[in-house]
Amino acid sequence: MTKRLTQFKEMASLSNEPIAQITADDLPPIPGIAQPAIPAPRPRWLDTYDFSLDGFSDFEIPAPKTDEEKKRIVEGFFRGLEKLFDPENNWTFVKAFRLSMDYCVRCQTCSEACHTYVGSGHQEIYRPTFRSEILRRIYQRYYTTSGKLLPAFYGADIEVNFKTVWRLLELSYRCNLCRRCVMMCPVGVDNALIAREIRKLFSQELGIAPVELLKKGTRQQLQVGSSTGMRPNAMKSLVSDMEDQIEEKIGRRIEIPVDKKGADILLIHNAGEFLSWPENPAAFAILFDAAGINWTLSSEMLGYDGVNYGVWFDDVELARVALRHLQIARDLGVKKVVVGECGHAHKAMMVIADRVFPGDLCISEMPRESCLPLLYQIAASGRVKFDPSRNNFPITLHDSCNVVRLMGIVKPQREIIKMICAQPLREMTPHGVWNYCCGGGSGFAIMNSLNFGDWRKNVSSRMKVQQIMAVFADVLDPSINKYVIAACSNCKGTIRDAQGHYGLWDQYHIHYGGLVDLMVNAMADLPKPYLEWPEA
Amino acid sequence: MAFEWFMIVMGWLSLGAFLAVATYKITRVTAQPLNVRWEVYPVPHESKARREYGGSYMEEVDWAAKATHPSRLPGLLEIAKEVVYLKRVREFNQYGLWGISLAMHWGLYLGLATIGLAVIETLLGVTFGLTPLVAGVAFTLGAVGSLAIIAKRLTNAELGLYTVPADLFNLGWVAALFILGIIGGLMDTTFAGYRAYVASVLTFKPVPVPPIVLIHFLVLELFFIYMPFTKIIHYIGKYFTFEQTLWDDAFKTKGSAADNKVLQQLGYPVTWNAPHIVPGKTWLEQAQATGLEEGAQK
Ligand code: SF4
Ligand code: SF4
Numbered sequence: 000m001t002k003r004l005t006q007f008k009e010m011a012s013l014s015n016e017p018i019a020q021i022t023a024d025d026l027p028p029i030p031g032i033a034q035p036a037i038p039a040p041r042p043r044w045l046d047t048y049d050f051s052l053d054g055f056s057d058f059e060i061p062a063p064k065t066d067e068e069k070k071r072i073v074e075g076f077f078r079g080l081e082k083l084f085d086p087e088n089n090w091t092f093v094k095a096f097r098l099s100m101d102y103c104v105r106c107q108t109c110s111e112a113c114h115t116y117v118g119s120g121h122q123e124i125y126r127p128t129f130r131s132e133i134l135r136r137i138y139q140r141y142y143t144t145s146g147k148l149l150p151a152f153y154g155a156d157i158e159v160n161f162k163t164v165w166r167l168l169e170l171s172y173r174c175n176l177c178r179r180c181v182m183m184c185p186v187g188v189d190n191a192l193i194a195r196e197i198r199k200l201f202s203q204e205l206g207i208a209p210v211e212l213l214k215k216g217t218r219q220q221l222q223v224g225s226s227t228g229m230r231p232n233a234m235k236s237l238v239s240d241m242e243d244q245i246e247e248k249i250g251r252r253i254e255i256p257v258d259k260k261g262a263d264i265l266l267i268h269n270a271g272e273f274l275s276w277p278e279n280p281a282a283f284a285i286l287f288d289a290a291g292i293n294w295t296l297s298s299e300m301l302g303y304d305g306v307n308y309g310v311w312f313d314d315v316e317l318a319r320v321a322l323r324h325l326q327i328a329r330d331l332g333v334k335k336v337v338v339g340e341c342g343h344a345h346k347a348m349m350v351i352a353d354r355v356f357p358g359d360l361c362i363s364e365m366p367r368e369s370c371l372p373l374l375y376q377i378a379a380s381g382r383v384k385f386d387p388s389r390n391n392f393p394i395t396l397h398d399s400c401n402v403v404r405l406m407g408i409v410k411p412q413r414e415i416i417k418m419i420c421a422q423p424l425r426e427m428t429p430h431g432v433w434n435y436c437c438g439g440g441s442g443f444a445i446m447n448s449l450n451f452g453d454w455r456k457n458v459s460s461r462m463k464v465q466q467i468m469a470v471f472a473d474v475l476d477p478s479i480n481k482y483v484i485a486a487c488s489n490c491k492g493t494i495r496d497a498q499g500h501y502g503l504w505d506q507y508h509i510h511y512g513g514l515v516d517l518m519v520n521a522m523a524d525l526p527k528p529y530l531e532w533p534e535a
Numbered sequence: 000m001a002f003e004w005f006m007i008v009m010g011w012l013s014l015g016a017f018l019a020v021a022t023y024k025i026t027r028v029t030a031q032p033l034n035v036r037w038e039v040y041p042v043p044h045e046s047k048a049r050r051e052y053g054g055s056y057m058e059e060v061d062w063a064a065k066a067t068h069p070s071r072l073p074g075l076l077e078i079a080k081e082v083v084y085l086k087r088v089r090e091f092n093q094y095g096l097w098g099i100s101l102a103m104h105w106g107l108y109l110g111l112a113t114i115g116l117a118v119i120e121t122l123l124g125v126t127f128g129l130t131p132l133v134a135g136v137a138f139t140l141g142a143v144g145s146l147a148i149i150a151k152r153l154t155n156a157e158l159g160l161y162t163v164p165a166d167l168f169n170l171g172w173v174a175a176l177f178i179l180g181i182i183g184g185l186m187d188t189t190f191a192g193y194r195a196y197v198a199s200v201l202t203f204k205p206v207p208v209p210p211i212v213l214i215h216f217l218v219l220e221l222f223f224i225y226m227p228f229t230k231i232i233h234y235i236g237k238y239f240t241f242e243q244t245l246w247d248d249a250f251k252t253k254g255s256a257a258d259n260k261v262l263q264q265l266g267y268p269v270t271w272n273a274p275h276i277v278p279g280k281t282w283l284e285q286a287q288a289t290g291l292e293e294g295a296q297k
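Read top to bottom, the protein sequences are chains A and B.
Numbering of the first sequence is given in numbering that gives the first Met the number 0, commencing with residue 0 and proceeding in unit increments.
Numbering of the second sequence is given in numbering that gives the first Met the number 0, commencing with residue 0 and proceeding in unit increments.
I should point out that these hints are in silico values taken from the structure, not numbers from a laboratory.
Just to be clear, a hint being listed does not mean it is correct.
To give an idea of the chain A side of the interface with chain B (calculated C-beta under 7 Å), a few residues [to be verified]:
id	residue
1	Leu4
2	Asn88
3	Gly154
4	Glu158
5	Gly206
6	Cys361
7	Val432
Here are the simulated DSS-like cross-link-like pairs (lysine-lysine), alpha carbons at most 27 Å apart as the crow flies [said to hold, decoys possible]:
id	chain 1	residue 1	chain 2	residue 2
8	B	Lys260	A	Lys334
9	B	Lys47	A	Lys410
10	A	Lys410	A	Lys334
11	B	Lys65	A	Lys410
12	A	Lys82	B	Lys230
Here are some chain B residues pointing at chain A (derived, C-beta under 7 Å) [said to hold, decoys possible]:
id	residue
13	Gln31
14	Val39
15	Tyr52
16	Glu81
17	Val82
18	Tyr84
19	Phe91
20	Thr244
21	Asp258
22	Gln263
If you're wondering where the values come from, they're calculated on a predicted model, not measured in any experiment.
The beta carbon of each residue, even a glycine, is placed where N, CA and C say it ideally should be.
The task is simple: from the sequences and hints, build the whole structure.
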């Protein structure tokens, strides 16, 4: 099928027909994988929800029916847009936002950087600049003299109606905020930031955000302690279950410290780990115990869930969650916070929240660090004996964008792998700071309402699956177990879904897991392997 | 002589207007609040070893206790690469824009050098004899580059989608500058008229100058007045996007200037309207509230 060049004006089309159609035939093939069919949205959804961008949506919010409701959203959009440019309401990002709005020279040097644009078979609407250009043109038309006087001359002729606004909202959730495109821009324009600002506008002005991020995300985390819904008591009982499981696996009991005042380190995990991959926090406990580290977990509300979904869509929620994390650490009197294998929690605590709070919560007063340098220090110290032959299978490493490109933590994980694996690391192409996002970045990993998961698995995860298949091309034989290291909860969740969707384990025995799990698997004095492969 | 006087005034006016608008634009950016950290690696002021693979100081344990005093120079050098040979456009040359864009940019740089040369010659009272060569290369590169970009934008449907009439107008203006320069050069091969005009502006002494040279300068001067209002001035934005956003990795210490600035910004009122935002609170108070009970009352 020939690719259709979606025009900007189509954003205002009043039709419910999607302005871009994603079909399996348009998607670039993944060698060795038969492309599964992409199901159409369920007929009963079509009357209630809006699929007019590309036939996908995560917004289980009934589309407004009355003109009054539609007007309210359009007016809210304009109010929010004004606030994005306001130095008080948007002090956090207004500088970077304005620069990116003002200086794009439309050279499209950034386009091919985007795994979503490329992975979709170059669908125009997913080009990094497409959504930015729409916002720019709308702003120009309604807020600049030049745009008001000569709209056609400046291309500021996109009509703003409810459909334009809603499609723009959807479009802001077709970018993983991975910021790979930013690296390629000769002017330093940040299209990901513009996508995030659009999300923020809808969340902070209208309260519209994916249910998984706001209502069941930050709201739930602030209310009960975790976006998973886990309350402090449940966390404590999971920890005690974990102690049992550890005893069963390694033949001795470890007491996992919880709320230990004055410990050197407060370790904060993504709470999803306790539920979906308890072997990961358990591995941290085994390793820290073996290395003699003075550490603790927290059972305070939010203290056991390091996620901060605000990073993806809402500065107020970001600040609320970050503040509580830091206060918990301060109250415990720990020397520093160490963030477990969760990429966005890394960035939230170490990078973004750095300039969100003053004084005693500065990094200089309450240091926050990644677990990766610490794990490397443990591995290099010789305090724990590793036997790499226990990890004798092909391995590759998926880099979490938040950890590599957005924080520059690239080497420690690679050094660890050298010390604990028998086979050399198979680097994906590209990797490190140039990596492709797993497709789950910026909340997509957990967004599964309506048919959004289909979009993620088929479009935004595509390039990652292609990379994984390519890196294992010579060992695809299912008799060889293969392991994709993903030291990030959301990346792991995304790869898990892709694994199921593309049959990566069933056909090729490709599995995934954390880095610390692999370290513990290599611990020489454990009686049996720590890693468990899926049932054959 | 009235037109010659007008052209002398235009020479200074265009320079003054350009500097005034450019300064205004710079001040507008620098007056913005301190952005939260939002860097992207590689960051050029990291050590050479780290820069190569994009590493950061956060790869170390206890990094907050270790002083970091990065030099700004590597960042400026990286930006210079972008200016001199459009580094990123060259590396990721998706639409074959690099060569022609480089030609246009060098046309502009050498065009400015031509004026600079004429200024130096006037001030020193000498003639180096280089002007015809520098101007010839500048105008040819500039004309070829800008016309080729126009052609590319008109013929490539994808680029065309992102090209508005104002872009073509701006590029057309740049092309006109260079074409007029070429015609002027052909009619005034020694560039004596060109230098005479520059000297007349510098000395405030009107002299007869070939009309084509005056038209070339008039178009150039109007461009100088117009340009800072357009995105052609992206070269100024570049310093701020890179140095003050994408490579700004400085962590905050208690009591520092950045810390005080953040404290002040946290006092700004929040008037966002969503149900989870608590009305009438500052940023700091918002962070301290949860917006749960408070929001429900809204
Ligand atoms: S974002 Fe940068 S690379 Fe992309 S079109 Fe704009 S200026 Fe070019
Ligand atoms: S940030 Fe990532 S997903 Fe978003 S447009 Fe850029 S490359 Fe694509």
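Hints versus structure:
1. Contact between leucine 4/A and chain B, as hinted, is supported at the beta carbon level, the nearest pair being about 6 Å apart and thus within 7 Å.
2. Below 7 Å, beta-carbon pairs count as interface contacts, and asparagine 88/A has one with chain B at about 6 Å; its hint therefore holds.
3. A least Cβ separation of about 3 Å between glycine 154/A and chain B falls short of the 7 Å threshold, and the interface hint therefore holds.
4. The restraint placing glutamate 158/A at the interface with chain B is violated, with a minimum CB-CB distance near 16 Å, outside the 7 Å limit.
5. For glycine 206/A, the interface hint holds, the least distance from its beta-carbon to any beta-carbon of chain B being 4 Å, beneath 7 Å.
6. The restraint placing cysteine 361/A at the interface with chain B holds, with a minimum CB-CB distance near 5 Å, inside the 7 Å limit.
7. Because the beta carbon of valine 432/A sits about 3 Å from the nearest beta carbon in chain B, less than 7 Å, this interface hint is met.
8. Between lysine 260/B and lysine 334/A, the direct Cα distance comes to roughly 26 Å. Compliance with the 27 Å bound is thereby established for this hinted pair.
9. For the hint pairing lysine 47/B with lysine 410/A, the CA-to-CA distance comes to about 14 Å; that is within 27 Å, so the pair holds.
10. Distance hint between lysine 410/A and lysine 334/A is fulfilled; the C-alpha atoms sit about 24 Å from each other, no more than 27 Å.
11. For the hint linking lysine 65/B to lysine 410/A, the alpha-carbon distance of about 19 Å falls within 27 Å, and the restraint holds.
12. For a cut-off of 27 Å, the pair hint linking lysine 82/A to lysine 230/B stands: about 23 Å separates their Cα positions.
13. For glutamine 31/B, the interface hint holds, the least distance from its beta-carbon to any beta-carbon of chain A being 4 Å, beneath 7 Å.
14. Among the interface hints, the one on valine 39/B holds; its C-beta lies about 5 Å from the nearest C-beta in chain A, closer than the 7 Å criterion.
15. The beta carbon of tyrosine 52/B is positioned within 7 Å of a beta carbon in chain A (closest approach about 5 Å), and the interface hint is therefore held.
16. Of the supplied interface hints, the one on glutamate 81/B holds, with its beta-carbon coming within about 5 Å of a beta-carbon of chain A, less than 7 Å.
17. Proximity of valine 82/B to chain A is violated relative to the hint, the smallest CB-CB distance being about 10 Å (cut-off 7 Å).
18. Hint on tyrosine 84/B is violated. Least Cβ distance to chain A is approximately 11 Å, over the 7 Å limit.
19. Taking 7 Å as the C-beta contact cut-off toward chain A, the hint placing phenylalanine 91/B at the interface holds, the least distance being around 5 Å.
20. Because the smallest distance between the Cβ of threonine 244/B and any Cβ of chain A comes to about 5 Å, under 7 Å, the interface hint for this residue holds.
21. Against a cut-off of 7 Å between C-beta atoms, the interface hint on aspartate 258/B holds, since the closest Cβ of chain A lies about 5 Å away.
22. About 9 Å separates the beta-carbon of glutamine 263/B from the nearest beta-carbon of chain A, more than 7 Å, and the hint is not met.
Checked against the numbered hints listed earlier, the structure breaks hints 4, 17, 18, 22; every other hint is satisfied.
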